[in-house]
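Q: For reference, the chains in residue letters:
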Amino acid sequence: GNSVTQMEGPVTLSEEAFLTINCTYTATGYPSLFWYVQYPGEGLQLLLKATKADDKGSNKGFEATYRKETTSFHLEKGSVQVSDSAVYFCALSPPGFKTIFGAGTRLFVKA
Amino acid sequence: GAVVSQHPSWVICKSGTSVKIECRSLDFQATTMFWYRQFPKQSLMLMATSNEGSKATYEQGVEKDKFLINHASLTLSTLTVTSAHPEDSSFYICSARSGGGQGTYEQYFGPGTRLTVT
Numbered sequence: 001g002n003s004v005t006q007m008e009g010p011v012t013l014s015e016e017a018f019l020t021i022n023c024t025y026t027a028t029g030y031p032s033l034f035w036y037v038q039y040p041g042e043g044l045q046l047l048l049k050a051t052k053a054d055d056k057g058s059n060k061g062f063e064a065t066y067r068k069e070t071t072s073f074h075l076e077k078g079s080v081q082v083s084d085s086a087v088y089f090c091a092l093s094p095p096g097f098k099t100i101f102g103a104g105t106r107l108f109v110k111a
Numbered sequence: 112g113a114v115v116s117q118h119p120s121w122v123i124c125k126s127g128t129s130v131k132i133e134c135r136s137l138d139f140q141a142t143t144m145f146w147y148r149q150f151p152k153q154s155l156m157l158m159a160t161s162n163e164g165s166k167a168t169y170e171q172g173v174e175k176d177k178f179l180i181n182h183a184s185l186t187l188s189t190l191t192v193t194s195a196h197p198e199d200s201s202f203y204i205c206s207a208r209s210g211g212g213q214g215t216y217e218q219y220f221g222p223g224t225r226l227t228v229t
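From first to last, the protein sequence lines are chains A and B.
Using my numbering, read the first sequence as starting at 1 and increasing by one per residue.
Using my numbering, read the second sequence as starting at 112 and increasing by one per residue.
Please keep in mind that the hints were generated in silico from the structure rather than gathered at the bench.
Simulated crosslink set (SDA-like; lysine to any residue; CA at most 25 Å straight-line):
| no. | chain 1 | residue 1 | chain 2 | residue 2 |
| --- | --- | --- | --- | --- |
| 1 | B | Lys152 | A | Ala111 |
| 2 | A | Lys98 | A | Ala27 |
| 3 | B | Lys175 | A | Phe97 |
Chain B regions said to be covered by chain A (calculated; three or more residues, Cβ under 8 Å):
| no. | segment |
| --- | --- |
| 4 | 154-160 |
| 5 | 218-224 |
Label pairs and their in silico Cβ distance ranges:
| no. | chain 1 | residue 1 | chain 2 | residue 2 | range |
| --- | --- | --- | --- | --- | --- |
| 6 | A | Ser58 | B | Pro197 | 42 to 50 Å |
| 7 | A | Pro10 | B | Glu133 | 29 to 37 Å |
| 8 | A | Ser58 | B | Glu174 | 38 to 46 Å |
| 9 | A | Lys68 | B | Lys166 | 34 to 42 Å |
Note that CB positions come from ideal geometry on N, CA and C, so glycine has one too.
Taking the hints into account, I'd like the entire structure generated from these sequences.
A: Following this line, the structure appears as structure tokens:
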């Protein structure tokens with residue numbers, strides 16, 4: 001079946017630290033992969049996406065590469081800011097199926 | 112980018128009353144809309160999927176008579192919580208997707224509606 005597994009949070013970092021949030025998936029076919037971010041009290045915003053193997057999605061300093069060989073889509077950022085504090089959701093969307101979300105990883109960034 | 116709005120952003124109602132939440136796609140036609148429920152510090156739980164002009168498909172365990180979904184046009188879907196009770200208090204999020212078939216299944220999310228039932 002289709003599933004997404006994210007690293008458990010919360011993740012607490014100091015400002016300017018390097019961020020990695022792991023995401024692995026199982027899927028039939030060739031899904032599209034997404035990272036969404038949710039700020040407190042708000043809905044989800046698309047952060048980045050990748051539609052095929054070896055694609056790299058990037059936005060606002062965040063990056064993730066679609067790794068088919070390791071079935072992973074880890075989120076990285078070289079230098080986090082306090083304003084990056086939020087919950088991050090990894091998601092996959094197999095063709096013809098509904099989107100499946102990971103459990104979410106809460107990130108706290110300290111000044 | 113594509114924008115989805117929800118109204119109201121928050122609502123407080125008394126137990127036993129009904130509440131309607133609207134979800135609109137502002138600059139694209141949404142052939143499919145999704146309604147999610149999110150409990151504090153948890154992931155999104157898909158409640159139902161609706162395609163314009165047809166009945167919604169509810170996820171297992173979601174009461175279709177309690178959570179009425181209408182997708183009357185390509186830009187509007189509504190969720191009505193009927194005879195609300197305190198346990199229905201939650202954050203409800205809609206999302207919309209255009210097109211179908213193969214391709215990138217990107218969903219655009221509304222800002223959410225916080226429902227509190229007293």
